[in-house]
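2 protein chains.
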Amino acid sequence: MVKIISAKWILPSTEERPFKHGFLVIDRDKIIDLGSKEEILPKYPNSEVIDLGNKIIFPGLVNAHTHVPMSIFRGIAEDLPLMVWLKEYIFPIEAKLREEWVYWGTKLSLIEMIKSGIAIFCDMYLFEKEVIRAVEESGLKALVGEGIFDFPSPSYGPLERGFELTEELLKNFEKHPQIKIAVSPHTLYTCSPETVKRCIKLSEKYNAKLHIHLCETKEEIEEVKKRYGKRPVEILKELGGINENLIAVHCVKLNFEEIELMAKLSAKIVHCPESNLKLGSGIAPLTEMLRAGIKVGLGTDGPASNNDLDIFSEMRTASLIQKGIKEDPTVIKSEDVLKMATFWGAEILGFSESGKLLPGYKADLAVLDLSHYSLQPDYNPLALLVYSAKNGFVSDLMIEGKWIMRDYKILTINEEEVIEKVKKIKKEILSLLF
Amino acid sequence: MVKIISAKWILPSTEERPFKHGFLVIDRDKIIDLGSKEEILPKYPNSEVIDLGNKIIFPGLVNAHTHVPMSIFRGIAEDLPLMVWLKEYIFPIEAKLREEWVYWGTKLSLIEMIKSGIAIFCDMYLFEKEVIRAVEESGLKALVGEGIFDFPSPSYGPLERGFELTEELLKNFEKHPQIKIAVSPHTLYTCSPETVKRCIKLSEKYNAKLHIHLCETKEEIEEVKKRYGKRPVEILKELGGINENLIAVHCVKLNFEEIELMAKLSAKIVHCPESNLKLGSGIAPLTEMLRAGIKVGLGTDGPASNNDLDIFSEMRTASLIQKGIKEDPTVIKSEDVLKMATFWGAEILGFSESGKLLPGYKADLAVLDLSHYSLQPDYNPLALLVYSAKNGFVSDLMIEGKWIMRDYKILTINEEEVIEKVKKIKKEILSLLF
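Those protein sequence lines, which keep their order, are chains L and W.
Heads up: the first sequence runs through residues 85 to 518, numbered per this note's numbering.
Heads up: the second sequence runs through residues 85 to 518, numbered per this note's numbering.
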């Protein structure tokens, strides 16, 4: 038995025109048809038809890089140099990190992502088994990986155990519908070339994604050059890590040759514009990356350095910054950033059946409520999504045919319980930190 | 009889520490006291005490530059060069502008501004009497001015009538508590130096603000130099227009000497970071303006080129962009942008009794709801306001001691009626435009 949903607008993908009064047919986890009322209703008699009314149905968004458990640190330290922020606040408290904090911090972030229309995300942090547990309960989909670095990890301990844990996850989740595992070396300044090489081998063995922070700051490049006499991209290339499975995050400081190289080798990039600005890293050469033909996703980065998990806001910021620095409002368009936040993001994370509302794709969709005062009038549904919508304007979220949020009510998470738990965790953190 | 309100946090101004469990005493339109429960309650027995609970009370925000009626054009044309946007879409439809559209467009914007915690704003547009009518009904405060330019206006007709209308408004609203009138020459490329000179004289006669778009784009500077052989600031200086009553909007293309001059002559600047990015104008030298000692306000600019009226978002963007382009997260701090959006903004618009929650100031305040999922945890109320709060997270707004919004319900505007009217206006606009 199929489900049919309709609304004032359906945005099937950024390559199709917005469909006015469209009807979308869903069979279990997949979209099987899309058309007008006259085309659809006679073909599927006796089906459940849900008319969402004055809304826009669009592909569920993709947050292609974050550290979800860090929501418990949101606002703990602000307007500081990155190294002071890390060394005086984040590292001391992460040294005492508890599995329970990771679980509830993830839940808090899942609430915010669901309310922002995010269906799929990519995470790198510590105690990722707790992240996985929360994601499985929530109904969202994720590519996750335990952060690997040479110094002992607050979660798994010595490096060797990090590889064992990652391989254990790779095996356990090899055919999981909801969870995929990435091999996640942290950076080229926290992992030696030998460690990164082992990560690359492991990702090749399982045909898994290699998820790494790359060329985020000028300090990173200087540090890596000082140690090895080469820029990070050159090292990664020599190790064989630049290929279609690479998810290189940030890439603020890529030069022209490096952009060309990444394009030629089909590597993927995740752009986190707000985090790059807020931490003072700079502005990534997004226009140049797109012109070179690189598939770029959008990420919020961790909520402690953003300070939210709102992909609408990242789409808007990504577009606005490029227009501003190029002094050209045509240089990047709403459809470009929406593509980054939907099917490019999904493909980059290995969920290539998601990100479009077309027959054959997964029924991963979000619903924007056009009755909102700041979404008036509705000349242009695409512009409303990219330039006016915000965290909290999404009324419904469906993933693989199942409602995760319905009429603003999250069905898979008890919001009040999460907020109460996070209040307790805040007190524990403060008592340990000060 | 006084009113006492309290909440988990009160932010009296950016120069005081956030006050935990503070109590604010309001007598009619003014704040008369602020202190702890023990200090306040015995001093004012038998008073009404409202405990707002888990919230932050902060000074009502100031949107120091916008064109509120343009909400009816939101999204009508996107990602276009400024001149195409203006000449093919905005000017043709403005030529047919109706007073009724201005009134309802203003109402729509007022809803959004109230929900964003804005108490005071500054407007320049056409048919400003309709803007004034809507503002008076809403309870907000505004500095408004009819846009003056050499070519015939769709509202008042020939230039001469613009001066008459402005003078009539200046007289009628000279002692109005809620409405102030600015003399508003549009720009130095739409007004001749003679017209600007007359505007300056008129503003001097009434000790009124002079509100002008200045150095927004490189094209503006080129055009003005072509016509007069000088840069806009030089012309304005020679005309005697650079002084403490000047509100110069945008100033994206100010050079070092011009920044020094504006500082020396106590001129005020309004920074509209998102509009400047979105229209491809560039990034204003905010850090340099602040270092030079200029008082700078924050504006959204019109909702058709932003596409919202959210000052939280402008604070965040203003801070993030400076950190990003300077590659220094300490270059501008949360308190700097909050000051711009509160008491500096208020002072720039001539409402210098607003913008702080201290005894002697007007009771203009907004309330941020900390129960929101994306405002967890609350280590730092200032960071939550600037980096995490958004349009829609404000539960209450009070202006001069009167509640304008209470527990998310706007008391002075019928939201549904406005949205219905704007839907009709959209149809009228489309029928005239295409």
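For the record, the hints were derived by calculation from the structure and aren't laboratory data.
Every value quoted in this text rests on a predicted model; they were computed, and no experiment measured them.
Mixed in with the good hints there might be a few duds.
Since the list gives no way to pick one copy over another, a pair counts as held whenever it fits inside one copy or between any two copies.
Unchecked claim - Below, a list of computed lysine-lysine pairs in the DSS-like style, where the Cα atoms sit at most 27 Å apart:
hint: 1; residue 1: K92; residue 2: K510
hint: 2; residue 1: K171; residue 2: K417
hint: 3; residue 1: K410; residue 2: K302
hint: 4; residue 1: K302; residue 2: K348
hint: 5; residue 1: K410; residue 2: K309
**OP:** Go through the numbered hints given earlier and state which of them the structure violates, listing their numbers in rising order.
**Re:** As far as the earlier hints go, not one is violated by this structure.
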